[in-house]
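Engineer: Sequence:
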Amino acid sequence: MKSTTERIMEQRQIWARTLLAACISLSAVCLAAEQPYTRWKDYLGSIDSAQYSALKLVNKSNVKRLELMWFYPAGNNGFEFGFNPIVVDGLMYVLGKNSAITALDALTGKEVWVHQVDSTLVAHRGINYWESKDRSDRRLLFMADNYLQGIDARTGKEIASFGDSGRVDLRQGLGRDPKTITLIQSFSPGRVFENLIILGSATGEEYDSPPGDLRAYDVLTGKLVWVFHTVPHPGEKGYDTWPKDAWRRIGGVNTWGEITIDEKRAIAYFPLGAPTYDFYGADRKGANLFADCLLALDARTGKYL
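Sequential numbering from 367 applies to the sequence shown in our numbering.
Treat the hints loosely; a few may be bogus.
Said to hold, decoys possible - Below 30 Å or equal to it, Euclidean Cα-Cα: the simulated DSS-like pairs (lysine-lysine) are:
#1 Lys603 x Lys630
#2 Lys430 x Lys476
#3 Lys476 x Lys463
#4 Lys545 x Lys651
#5 Lys523 x Lys545
#6 Lys589 x Lys499
#7 Lys610 x Lys651
#8 Lys669 x Lys499
#9 Lys407 x Lys476
#10 Lys651 x Lys603
#11 Lys523 x Lys476
#12 Lys669 x Lys589
#13 Lys407 x Lys630
#14 Lys499 x Lys407
#15 Lys630 x Lys669
#16 Lys476 x Lys499
#17 Lys651 x Lys669
#18 Lys463 x Lys523
#19 Lys499 x Lys523
#20 Lys630 x Lys422
#21 Lys630 x Lys499
Claimed, not checked - Between beta-carbon pairs, the in silico distance windows are:
#22 Ser485 x Asp543: 20 to 28 Å
#23 Ser498 x Cys659: 29 to 37 Å
#24 Asn425 x Lys610: 57 to 65 Å
The hints are simulated quantities; they were obtained by calculation from the structure and are not laboratory data. On a predicted model such as this, the values are computed, not experimentally measured, just so you know. Yeah, the Cβ is synthetic: ideal placement off N, Cα and C, and Gly gets one too.
All chains, please: the whole structure from these sequences, using the hints.
Structural biologist: See below:
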């Protein structure tokens, strides 16, 4: 029969082994959380647009055994099927029925909340997620009807303190009458970097199209933080590569697709398209910077690199 001392020592050993196992498990969880490319909380998987996952549970040897676990109807206007869902804390954010921003339980596919957008002109390629360092504030940022909008990622409710009652009018500040701008939002979601959301635009390709200014907004307030004029204004780099005051009438030179960010170096890369009118350039003699190029800017300031 074991003595009291032996029983106490044995109990202590059990507790020590349990504590060690818990610490190892916690360390493994923390390590997994820190490993790059093991989450999908950004459009295209990561801020650098890698479209890559380092997870190895599904591979070439077992992918054929995958089975459908749940189904959720994506919508009725055809655009939703190009939407890149993101997953955070077990919630999958999708563009759902009737162009509603929808949170689903990623394991079951059940609706957690639905935020109905009063527009069918929702950016249909993806959505942005941002959280504060202490995770007390978690937001989804998306574009619809030429507005940048912010909602609570946990409830789907509009954030009234963001912009003007939850919305920022992207037609403002382009040097054109906002009423003449039919479309400026891109259907790609832009990029969240630190406390900024960095956006391109879809300007159209006609003579009266607005310029494709690159802009960054504060994710908390919706206020404009920096702007880079892709058709340069007087005194800016590249102004002499256009006819005088071309920025007043020339549009385009916009990033309508993916923005890629080197997070470590705080560099944002923008693929820029053609100026308007894109099939006729005799009225814009010169090299026309920054049309048809890959542009690198300081992600924090918008400064040319």
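Engineer: Work down the list of hints and note, for each, if the structure agrees.
Structural biologist: Verification of the hints:
{"no.": "1", "hint": "Lys603 x Lys630", "in the structure": "holds (26 Å)"}
{"no.": "2", "hint": "Lys430 x Lys476", "in the structure": "holds (25 Å)"}
{"no.": "3", "hint": "Lys476 x Lys463", "in the structure": "holds (13 Å)"}
{"no.": "4", "hint": "Lys545 x Lys651", "in the structure": "holds (29 Å)"}
{"no.": "5", "hint": "Lys523 x Lys545", "in the structure": "holds (29 Å)"}
{"no.": "6", "hint": "Lys589 x Lys499", "in the structure": "holds (20 Å)"}
{"no.": "7", "hint": "Lys610 x Lys651", "in the structure": "holds (10 Å)"}
{"no.": "8", "hint": "Lys669 x Lys499", "in the structure": "holds (26 Å)"}
{"no.": "9", "hint": "Lys407 x Lys476", "in the structure": "holds (19 Å)"}
{"no.": "10", "hint": "Lys651 x Lys603", "in the structure": "holds (17 Å)"}
{"no.": "11", "hint": "Lys523 x Lys476", "in the structure": "holds (18 Å)"}
{"no.": "12", "hint": "Lys669 x Lys589", "in the structure": "holds (18 Å)"}
{"no.": "13", "hint": "Lys407 x Lys630", "in the structure": "holds (18 Å)"}
{"no.": "14", "hint": "Lys499 x Lys407", "in the structure": "holds (15 Å)"}
{"no.": "15", "hint": "Lys630 x Lys669", "in the structure": "holds (17 Å)"}
{"no.": "16", "hint": "Lys476 x Lys499", "in the structure": "holds (29 Å)"}
{"no.": "17", "hint": "Lys651 x Lys669", "in the structure": "holds (26 Å)"}
{"no.": "18", "hint": "Lys463 x Lys523", "in the structure": "holds (17 Å)"}
{"no.": "19", "hint": "Lys499 x Lys523", "in the structure": "holds (21 Å)"}
{"no.": "20", "hint": "Lys630 x Lys422", "in the structure": "holds (25 Å)"}
{"no.": "21", "hint": "Lys630 x Lys499", "in the structure": "holds (17 Å)"}
{"no.": "22", "hint": "Ser485 x Asp543: 20 to 28 Å", "in the structure": "holds (21 Å)"}
{"no.": "23", "hint": "Ser498 x Cys659: 29 to 37 Å", "in the structure": "holds (35 Å)"}
{"no.": "24", "hint": "Asn425 x Lys610: 57 to 65 Å", "in the structure": "holds (59 Å)"}
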